[in-house]
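Protein sequences, first through last, are from chains A and B. By the numbering used here, the letter at position 152 of the first sequence is numbered 152, and the numbering carries on one by one without gaps. By the numbering used here, the letter at position 140 of the second sequence is numbered 140, and the numbering carries on one by one without gaps.
Don't read these hints as lab results, they were simulated from the structure. Careful, some of the hints might be misleading.
Taking lysine to aspartate or glutamate pairs in the EDC-like style, the calculated list, with each CA pair at most 16 Å apart, reads [to be verified]:
no.	chain 1	residue 1	chain 2	residue 2
1	B	K280	A	D178
2	B	K280	A	E123
3	A	K297	A	E255
2 protein chains.
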Amino acid sequence: MPFVILLAAWAFAWPIVADESKPRTMQQVLEASKPSDWRALDPMNSVYLDLDAGRVVIELAPAFAPKNVANVKALVAERFFDGLWVMRVQDNYVTQWGDPDSDDPAKAKAVKAAKATVAAEFERPVAGLPSWTALPDGDVYAPEVGFVDGMPAARDPREGVAWLAHCYAMVGAGRGNDADSGGGRELYVNIGHAPRHLDRNVTLLGRVVQGMDLLSSLPRGAMAMGYYEKPGQRLPIRAMRLAADLPENERVKLEVLRTDTPTFAALVESRRNRRDEWFKRPAGRIDVCNVPIPARKAQ
Amino acid sequence: MPFVILLAAWAFAWPIVADESKPRTMQQVLEASKPSDWRALDPMNSVYLDLDAGRVVIELAPAFAPKNVANVKALVAERFFDGLWVMRVQDNYVTQWGDPDSDDPAKAKAVKAAKATVAAEFERPVAGLPSWTALPDGDVYAPEVGFVDGMPAARDPREGVAWLAHCYAMVGAGRGNDADSGGGRELYVNIGHAPRHLDRNVTLLGRVVQGMDLLSSLPRGAMAMGYYEKPGQRLPIRAMRLAADLPENERVKLEVLRTDTPTFAALVESRRNRRDEWFKRPAGRIDVCNVPIPARKAQ
Chain A
1 MPFVILLAAW AFAWPIVADE SKPRTMQQVL EASKPSDWRA LDPMNSVYLD LDAGRVVIEL
61 APAFAPKNVA NVKALVAERF FDGLWVMRVQ DNYVTQWGDP DSDDPAKAKA VKAAKATVAA
121 EFERPVAGLP SWTALPDGDV YAPEVGFVDG MPAARDPREG VAWLAHCYAM VGAGRGNDAD
181 SGGGRELYVN IGHAPRHLDR NVTLLGRVVQ GMDLLSSLPR GAMAMGYYEK PGQRLPIRAM
241 RLAADLPENE RVKLEVLRTD TPTFAALVES RRNRRDEWFK RPAGRIDVCN VPIPARKAQ
Chain B
1 MPFVILLAAW AFAWPIVADE SKPRTMQQVL EASKPSDWRA LDPMNSVYLD LDAGRVVIEL
61 APAFAPKNVA NVKALVAERF FDGLWVMRVQ DNYVTQWGDP DSDDPAKAKA VKAAKATVAA
121 EFERPVAGLP SWTALPDGDV YAPEVGFVDG MPAARDPREG VAWLAHCYAM VGAGRGNDAD
181 SGGGRELYVN IGHAPRHLDR NVTLLGRVVQ GMDLLSSLPR GAMAMGYYEK PGQRLPIRAM
241 RLAADLPENE RVKLEVLRTD TPTFAALVES RRNRRDEWFK RPAGRIDVCN VPIPARKAQ
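Same shape as in the complex, but just chain A (with noise of 0.2 Å):
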């Protein structure tokens, strides 16, 4: 019965592989996409990490996250994030945000409507997600890997529970050593080779998807774990907003590409066998963190 159990969860997991008769190029695939390939970003479920070098663009991932979201959403609207700092960059880790008091009753900032704490979401069962698209090519760390609308992802059929993968651009809840002491006061994104060993001990909740270089180029913190050494060497945030918290006309117009299509399979072979001149030796493989997830202006 295990063994029929075991099947079935496999079944449904065979990964989609693109039909090319004509090997494509990415730019072709994307040159050749339909309007309905790519969806908008929803304002209620993006919010933007301002700083004075610019803007950060977050899509939140409320099918991982739900609490941790509701909660980064409820800090936001409190503008808990305003005046705060950027104020750990790790070289080849992440660069981390937030209250850097976080962990210190006695000198953390107050939060108003919003938690100061919600318990991990590590994982979450596969039975409901919005969206499956395995990749082929299998993974160090997860028996499958794949796609969940926009956001990598990895899940184990037999415990039957998904996760989000920390892959580079992928923004998480940091916490203490409580599974349950993570929310939101604190966020970090992956700014290098995905530490995938993190995957189901932190809450993932979301992925930059325009403006990573913003939070990837500042200068690495010579302190342990990379924190900056003296209070003025952080960088100022301005705000972290909720898009559907600003105007029409101040949020950012972005369309990404739907990760359930034939066009982001099509996109996928294309980064699998790389066709571009310049390539001697496509790989015929990919790693599930070097699937580009394409975002544009929307059209």
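Mind docking chain B on chain A? Use the hints.
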């Protein structure tokens, strides 16, 4: 007969797994290391890239790219790089330096004893590798991955070839569409998620051992492929020198952890299963590009 050969190939490739009866953190492994677990960087095999912000130390990999390494040393000897620039920083991909006009004979900086181009060294025979420490957890891109004298590498026992892996901090010789058009007049370093699809497509010839942050935290270029828009945005190279060509007291004295020792096997195990209190679920696996290769000041 082919079956026997295949078995034999995989047999000698069997990974070393540390016998850790008492699990340790990486810090504990390093604290218990012996002087013989470390090797001093060879001044004849180390180059310094000097920027206004500081010095980048690169260990060369002649075991994989003897001709390209020799040419980089020849270029360095004739001070080819001095006064040139970092001209390309593409987010989540590469930082590139050298002669931005290397592919234009009319504008390219002249070489003297060095060669303008050197034939590709994308792979080498497995036979004769100076060492091989296999990792046990598989890989998306290659049949087998591991380490050769402090460099992340991959190999295919059936084809009998090995190659360096495009992990973070690996340095390669940029080239044009012709496979043999590299040689070192433009060099690049990986600054994001490992672009392993470049493996066996371009010649890797070394690894940044110290100073990665000087190359990873630079402003990203606004042009296609991360090239800087204006020449004035390029970052000047003060000098690039072979360590051996500097007086003893001006060299950076570094030791790198040997990768062919029980101590390194214990380090890998400490990272496959993180024992720090913070971790709730040790991954039990590791990607070749997530294994740290520690360096320290010479003792």
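Okay, the hints, checked on the actual structure:
1. For the suggested pair B:K280 and A:D178, the alpha carbons sit about 9 Å apart, so the restraint of at most 16 Å is met.
2. For the hint linking B:K280 to A:E123, the alpha-carbon distance of about 13 Å falls within 16 Å, and the restraint holds.
3. Under the criterion of a C-alpha separation no larger than 16 Å, the hint pairing A:K297 with A:E255 is consistent with the structure, at around 6 Å.
Consistency with the previously given hints is maintained throughout, with no hint failing.
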